[in-house]
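S.K.: Now for the letters of each chain:
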Amino acid sequence: MGSTMIEKILARSSGSDSVSAGDIVFARPHRILSHDNSAAILGIFEKLGGKKVWASDRIFIALDHAVPPPDEKKAKNHTMIREFVARQGIRHFYEGGTGICHQVLPEYGHVKPGVVIFGSDSHTTTHGAFGAAGIPIGRTETASVWALGETWLKVPESFRIELSGEAPRGVVAKDIILYIIGKVSADGATYKAVEFHGAGVENMDISGRMTICNMAAEMGAKAGMVPFDKVTEEWLSGAGVKEYDPLYPDDDALYEKKMEIDLAGITPQVARPHKVDNVVPVSELEETVIDVALLGTCTNGRLEDLRQAVEILDGRRIKSGVRLLVYPASRKEMQQADKEGLIGKLLQSGAQIAVPACGPCLGAYGGVLAPGENCISTANRNFKGRMGCREDTGVYLASPATVAASALEGRIVSPYI
Amino acid sequence: MKLKGRMWILNDDDINTDVIYPGKYTYELFDEREMASHALEDYDPSFAEQVEDGDIIIAGGNFGCGSSREQAVKTLKYAGVKAIIAASFARIYYRNAINQALYAIECPEASQYARDHREKLEKSEATLDLEKGTVMIGEKEFSFSPLSGKAQEIFDAGGLVPYTRKKLEK
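Sequences listed follow chains L and B, in order. So for the first sequence, this note's numbering puts the first residue at 1478; every next one is plus one. So for the second sequence, this note's numbering puts the first residue at 4; every next one is plus one.
No wet-lab data here; the hints were simulated from the structure. A portion of the hints provided could be inaccurate.
[Unchecked claim] Listed below are the simulated DSS-like cross-link pairs for lysine-lysine, each with C-alpha atoms no more than 30 Å apart in a straight line:
#1 B:Lys173 x B:Lys126
#2 B:Lys153 x L:Lys1809
#3 L:Lys1553 x B:Lys80
#4 L:Lys1524 x B:Lys85
#5 B:Lys27 x L:Lys1553
#6 L:Lys1528 x B:Lys80
#7 B:Lys123 x L:Lys1861
#8 B:Lys170 x L:Lys1631
#9 L:Lys1631 x B:Lys80
#10 B:Lys173 x L:Lys1631
#11 B:Lys123 x L:Lys1524
This structure is a prediction, so every number in the text was calculated from the model and none was measured.
Could you build the full structure based on these sequences and the hints that come with them?
M.R.: Here it is in structure tokens:
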């Protein structure tokens, strides 16, 4: 019997010849990621008796959640983190404004195929786009990994999702993953590793692969992964990553579930409040007026996403009364978007452009909704109160194109009619 | 070990970490009492006021889905909740609960029974035997798999902080 991708990756990261679903292993990560929550993590690290971190070159910290800090408390958090980084000699620290951790980590060459990335953030699954296993863990566990360099994991069973056929014009990775989550449900892949295969994913750029792996978290998955191929190779070479040894699943690997998704049948999708699996085609959505349109975040704040939005906006101004908020995924993506003239075009359409950061996605600050307001968003969660206010607010999730089209109309509409 | 407590029966699946502990507090609050005062705020605003030490939560499937925020475990622990019995848990939430030594018990049968008889059973007592893996709700007894292996070791140490501290001392 062959091995799945996660079995191979966890075997390598735990120094075993082979492991199978159900085994308990101690995995050592290539990188362990955290963000503003590093302030709390370092407190726990000290509480558990940690003196020196186990490997100062494996810890990755990017400030992205409360950037720039809106109040004294959050500013102090950042100070504590900077002091800890200096004290411990942590090599991979990225100041606020560099971008969102899940964008910055690959951009600066910290992910390779075949490795484990642990992260104290639930969307660490994003790094599966590079043929790695991005596995989210909690804060205390992160502090423990800082100290010990490893943590225990149960090797998960795997799902194999085959994306076949060709998506119609205007249907992008976000629509595909929303459609899949609608089918699989919000807990359909809990504890499982999900592998994406097939022509649909082979033809997808890294940006799209990051979107689908990012949202694998929304079906409960421990990891979402796309096997390494030419597309990954090219992207990694651009980021200066050269030495690596990819791992692929065996043909006779044992999967708990196999699914085939025909992309030809998918149209633009939207997830309605307050659950990510509450998905319908935009064409079947009831009339929904929006107040805010959010373009950006770790799910859809990349160059490709901004391009899609600008193409739809096509020089027009957004509907009066609607606020279009743009949070690019990173400074590099923003610079490239600027070079291409996209930033200027977004401004011309009436967008408010912010620092590359997580922004209003989690309602911590900035872009908070008022009671009674609706938002169409490219982010990954639409839970009640997610954007800071629970009273009668609704967050709808969709692709950058749908968000842009809806900003023009002031109601949720399909980008291609 | 046995545990007895009043049940809060939350008749929903997919109760997520944002409604258990809203994101806007995650970088604001560190004090235990303050954190406890926002427990389940966006799900049932009356919970934090009325919860008592020793209470048990019963919920549907995929409890704790969403963010990896550990405060969604801590807030309930600090509020006095001693165990959560759910049809199933989201993966990170389950790990976080073990790491904080809060009992997270997967028992779909008990969850379904309590939710089916919610009107009668709400706020009545459940009795748990954590070694045997049984829970008594009303007149009915249900079984679950007790903790084992690594998870049990971490739990026995009192959570991941004392567990790691001991490992570092060695």
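S.K.: Which numbered conditions among the earlier hints are violated in the structure presented, ordered from lowest to highest?
M.R.: Structure breaks hints 1, 2 and 11.
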